[in-house]
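There are 2 protein chains.
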Amino acid sequence: MHYHTFKMLEVIFILLALFAMWYAFSNFSSFKRIFIGRPMRNKELNAQHTKLFWILALPILSADLYSSVAYGPEAGITELLSLGESAKWLILPITFSTVFLLAILILSYIMGVIAYPNGGGAYAIAKDNFKSPYPSLVASSALLVDYILTVAVSVSAAVEAVSSAYPVVAPYETLLAILCVFLLVVINLRGVAESAVVFAYPTFFFMACMLFIIITGFTNEFHDGFVQNTTPPFGTFPQGLTTLLILKAFSSACSALTGIETISNAVPIFREPKQRSAIKTYIALGILTAVTLSGFAYHLYVKGVAPDPQNTMLSQLAEGYFGHGLVYQLIIWSTFIVLILAANSTFTGFPQLSAIVAADGYLPRALTNRGDRLGYSNGILSLAGLASILIIAFRAHTNALIPLYAIGVFLSFTVAQFGLLRRWKRVKDKSWQAKFAINLIGTVISAVVAVIFAVTKFTSGAWVVLIVLPLIVLFSCLIKKHYVEVANSLRIDPKVTRPEQHHIVSIVLVSGIHRVVNNTVSFAKSLGSEVIAVYVGFDDESIERMEHKWEEWGEPCRLVVLRSSYRSILEPITRFINAMEKWEGGKPDHIHIVVPQFIPKKWWHNILHNQNALLLRAWLFRHKDVIITTVPYHLEK
Amino acid sequence: MHYHTFKMLEVIFILLALFAMWYAFSNFSSFKRIFIGRPMRNKELNAQHTKLFWILALPILSADLYSSVAYGPEAGITELLSLGESAKWLILPITFSTVFLLAILILSYIMGVIAYPNGGGAYAIAKDNFKSPYPSLVASSALLVDYILTVAVSVSAAVEAVSSAYPVVAPYETLLAILCVFLLVVINLRGVAESAVVFAYPTFFFMACMLFIIITGFTNEFHDGFVQNTTPPFGTFPQGLTTLLILKAFSSACSALTGIETISNAVPIFREPKQRSAIKTYIALGILTAVTLSGFAYHLYVKGVAPDPQNTMLSQLAEGYFGHGLVYQLIIWSTFIVLILAANSTFTGFPQLSAIVAADGYLPRALTNRGDRLGYSNGILSLAGLASILIIAFRAHTNALIPLYAIGVFLSFTVAQFGLLRRWKRVKDKSWQAKFAINLIGTVISAVVAVIFAVTKFTSGAWVVLIVLPLIVLFSCLIKKHYVEVANSLRIDPKVTRPEQHHIVSIVLVSGIHRVVNNTVSFAKSLGSEVIAVYVGFDDESIERMEHKWEEWGEPCRLVVLRSSYRSILEPITRFINAMEKWEGGKPDHIHIVVPQFIPKKWWHNILHNQNALLLRAWLFRHKDVIITTVPYHLEK
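Those sequence lines, one after another, are chains A and B.
Note that the working numbering has the first sequence beginning at 2, numbered continuously upward.
Note that the working numbering has the second sequence beginning at 2, numbered continuously upward.
Worth double-checking, as some hints may not be accurate.
Given that identical chains are not distinguished, each listed pair holds provided it fits within a single copy or across any two copies.
For lysine to any residue, the following SDA-like pairs were computed, each having C-alpha atoms within a straight-line distance of at most 25 angstroms [stated by the list, open to error]:
id : residue 1 : residue 2
1  : Lys583    : Tyr634
2  : Lys304    : Tyr329
3  : Lys304    : Glu320
4  : Lys526    : Arg559
5  : Lys602    : Ala619
If you are wondering where the hints come from, they were derived from the structure by calculation, not from laboratory data.
Just chain A, with the same shape it has in the complex (with noise of 0.2 angstroms):
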């Protein structure tokens, strides 16, 4: 086949994907029911199978966690690369540390989740504990952000992941993270228990492959020695090392630990007992957590692994196992689905935040309508829409984001566990000096660690959350004040303002005598009200012509001919609006233009009508004060 024959066949390929999209847009319902499906009603939302067993909430809500695994002992040695071989072992201390940190942040959270049963985030904790809006909306805004920044990396790992193993595909990371963005749009406008059966088994799968490598490493280790000849020294204090140095590694590896709200906030969604489920799902997600990060930081130690740009340091450490072969695969498979997974779980976290938030009036009330399939759509679509912006901007290498979104989260931790504080010196029930103790000791350490980042990372980037997140914060404080103040211009007492009679003059607006003129003529003379046709000529022949038709229609009503003078028929329609509203005396409450539409029998035979009615009803909306009736002429061909 020739060149350009190939290339014609492209053209008419794009032509027809736009007269695709044209048609599914005009056709939108039932394409809505393909992809998303049937409607659900109100009462389904609290039946028990859109609610998740807490087996299967495990996967779903703590991919973010526990995808971290992979990078965070990385991420924290990295920051002493350059202090040599006699470093390499402080990755097991940093561990350990990060593991120790996990452990309160966990007992921590299910005091939170004690507290509040349904649904206990950082921000209805500093909501409930805090009288100023603040600290809440601090919370939450801090959340939000990182819930964005959370799909963006996540994905993008996804898609970086596949492209080191298939280099084919590399060219188009962009292109398939979007496609993937996409993807969990979809799955999530379905729903959410439905989405967890399709994604809980591939999570198992990626913690089994973790779990394997671990018990594959002491298998070798029982082998060949639990020192080999690539294990560096232990215990020497390299020269070079600063307090700063090890703030720096300690931070970077914290990075691991974000996404441990997930669970918090989103208690409601477990299947009853929800308080216990969540509870186990948190011990069992911590232990898990824990034994992974131990375990390779661990045998990395063992086998001297080094970081390396080019290749993860759990990439090296499954090559050293098992090679190039089958398992490597199954390893960089199960790694693309978690991460997408964790991106999923966040299509969870945000829209059901943001929904809590937009009721108390802080963000756009839309975000609190539910769509057909009960998911909160306009959160779905936001999240994806900001997270799309940001790998379209990296193009879809955004892991110098990673360390960024940490402080957001250790901030709303902070504030979080600072409110539960609050909370237990004033409820005082049960043992509630224990529960003080174990958020106290979780509020100093979260506060310690986001300065520490906020500090060491300022100038990788953290002064941007530093500016942004204060203006999310103003932004809501105006969102809720216009709210606030529309209701009152709008309340009325029913006793005293009741519905009043109006002066209303119609408008018709005519374009010749013809049988739509006379059904809006019609419609106009039928309401009662005072009614004048009005007529937009462009030359003197057609306004005579206009006349002497109207005279010969047997004159319905009064009959007000403009000349337009730039072709334009807003332009004297405008000025007879102005003179009408300085009618001396007789000024009508109401100015009601009529105006015709034409509606064909086929949605494409639009593009043959000049649609100067839906013109004229967006500027006359925007700029005067009229109200704008259609009358519809159906086409019978």
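Since the structure of chain A is already known, use the hints to place chain B on it.
This is chain B only, laid out in the frame that chain A set:
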């Protein structure tokens, strides 16, 4: 600056750009003023200052034809490349027969201008001389398709010319080409005469460059002899030369002749006396083109230049005379400008032709709308859109399309000439026999060339043209049929059919008792027709509360409460309308739905209010026969 700080700034930039686009869109009219200029009055349409003096019309209307000199002879001789050195002299007979054909065609078109002083394009001539609409539709479809191809080809060639001189822009060819199309749109929306003044001088400069090359060639030959050692042998018939090959070479060379019809289509844009001006322009253009084509062919023969895909023959010739210095740069840039002008001349032709065809009812009527600046805006935008699709699909490498559009050109030539033949026979004015003879030759030659094109280029894509053209003709006929049927169904006898009294029931959608609802109910009740308030509730509690409040409000009209099981307001309202349509006895003639709509003070406040009214309106309008009134409520704050 760190990599991700930089990227962050990019994200902020993207968000700002999106915001700017949104702002520009919502303040469209002021942006339009800046780019397009003040609106012009109807009477300015016939004012002399938008009309063109013929010397200025020459560059505007001839760029399409004249720019082809750069590739015509080359396209012809390339077909004979395989025959070797001994075929090189054939560039002379092939080019001279092209020049001969040019002379015949220009003469024939001058006959057209004499016969049709008000614009004698192929479409107008065919319409006037054939009873059947098909010949004129074939001509107009062929020309419209060619105009689109011309824009794509010329703009792409212009960008390629620049990028071969400056390889640094090569990766951005598609983007640059689209930008050029956008620029042409802006210039043409501003109006015809102004663009002439902008573009006339650079084209003159290109013409001067071309003539300068030819004169330099002759000077060179006076010095170094008319037979140089590079000159190939003359007059030998190479082995393997077949009739088909000669025809192929001839037809490829004839692709240089596209664009002749532009002047005859555009007679009305000339300054008076327009007929004489158009003929003067034709003669000047014919002489210029003939001299340039012949001169090039001769010098190319003397220098023995061979086709080279990396370097055009014209560029090789110029390099031979002037080296790679300033003169070469000037030639490259003037080539760029003249090719852009070739596209620009099409922006004059396409909108005019499509407006004429649309006025006859064979294309969507919107193409006849003149914009603020008197240009046919919809035609200009359609042309730019379709050409952009071709440019994107072919990644700005559209050379392969050049021979294709020659088919359309010669097809329309044939139709026009044949129409003129019929006219001379019918009118029989002064010396009609001579005119008849000229057009007879023109008809036969155009027809033969069109057939040669279709046969020799069939497998290289001509089949696409032979499929697309009949389809366009078919669609044109369907459009005409639709308009005729609509006009018939709308026609009434003003003495018989008069406005009647209709029974109207107004439905007011209420969401509670507040100021907006008070305003809407007041309006509906003041109209005087029967009013029913409809409330959609999602649960029993809200329904009871509403019923109680309504009572407290003094029941200004009947209240109907509907329950929604799917959180949708569309579904219960549709059910209610369906029920009303089946009311026995009292079925109303019109169901009139009154919906309130918030108009916030700041346009961006719209995002804070659920625009359910708009969605409801769009949906009901498509699916039900109801009249919809939108009552604006202007928020004071």
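Index of numbered hints that the structure contradicts, given in increasing order: Those not satisfied: there are none.
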